[in-house]
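Visitor: Each chain, written out:
There are 2 protein chains.
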Amino acid sequence: MSDTPAPVELLVCVKCKRGTDVAEDGERPGTALYESLAARDLPEGVTLSPVECLQNCEGGCSVAMRGGDLRWTYVYANLHEASDTDLLLEGISLYRDAADGLIPWRQRPEHFKRNCVARIPPLRKPAPNLTDL
Amino acid sequence: MSDTPAPVELLVCVKCKRGTDVAEDGERPGTALYESLAARDLPEGVTLSPVECLQNCEGGCSVAMRGGDLRWTYVYANLHEASDTDLLLEGISLYRDAADGLIPWRQRPEHFKRNCVARIPPLRKPAPNLTDL
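Same order as they appear, the protein sequences are chains A and B. Residue 124 is where the first sequence starts when you use my numbering, and the numbers rise one by one after that. Residue 124 is where the second sequence starts when you use my numbering, and the numbers rise one by one after that.
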């Protein structure tokens, strides 16, 4: 096993209307959020993926973060396409830096502390050498 | 690749208080839900796992379902330890039977339709032979 943490993926729900009344041919807030991220340089080791519905429709916009068998997966809610791009880029970088996906509480962005919808445990427990890092 | 769907895992948040005032040494509703499931015969291909906090604390009790790289992962909320064991055993069986994790809408338990907190896409898209099944 390598000591290098696995790459991570930022998944954005592109179908999200964020409670707004979007015209049939209008751009959805979730798509706008995805595009605002896609227009930026992503941090190293981070990929961006569009998803058709994370089914957190009451709390959009929503994103998920995952990365390998050793990390917790997180779902965050109540993001805004116009103002939360920097937050998400910072957040995914911190997530990437955590081998288990647990961003230390003091470093965790305030929005993440208050808007976590759910988290799912890693598939594997880290090997002892990883917990010692 | 085998045509046999991967085994599935039912994860139960054992820390959940379900909004109740649990004594320090009292049994938490999440633990009771887990134990009521553990006391039953699980359907074939299903494993049961306790989790310390799925971070859906506002909507407990909560469970997650996952199974292999081809299935969507689901998180369901607002479950009750005293009455939802059968619902969960039925639900995880239906989930196990779906190679992509998408329980057909007409078969989907009503509780699942109205209490999905989030879902996370599969890591891989199914091979054509699986989508043809």
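Please note: incorrect hints may appear among the correct ones.
Repeated chains share a single entry, so a pair holds when one copy, or any two copies, can fit it.
To be verified - Straight-line C-alpha distance at most 27 Å; calculated DSS-like pairs for lysine-lysine:
#: 1; residue 1: K140; residue 2: K248
#: 2; residue 1: K248; residue 2: K138
#: 3; residue 1: K236; residue 2: K140
#: 4; residue 1: K236; residue 2: K248
#: 5; residue 1: K138; residue 2: K236
Worth flagging that the hints you see were computed from the coordinates, not collected in a lab.
Visitor: It remains to establish, for every hint, whether it holds in the given structure.
Guide: Consistency of the hints with the structure:
no.	hint	verdict
1	K140 - K248	between (37 Å within a copy, 25 Å between copies)
2	K248 - K138	between (33 Å within a copy, 19 Å between copies)
3	K236 - K140	both (23 Å within a copy, 19 Å between copies)
4	K236 - K248	within (24 Å within a copy, 32 Å between copies)
5	K138 - K236	both (24 Å within a copy, 18 Å between copies)
Consistency note: the structure conflicts with none of the earlier hints.
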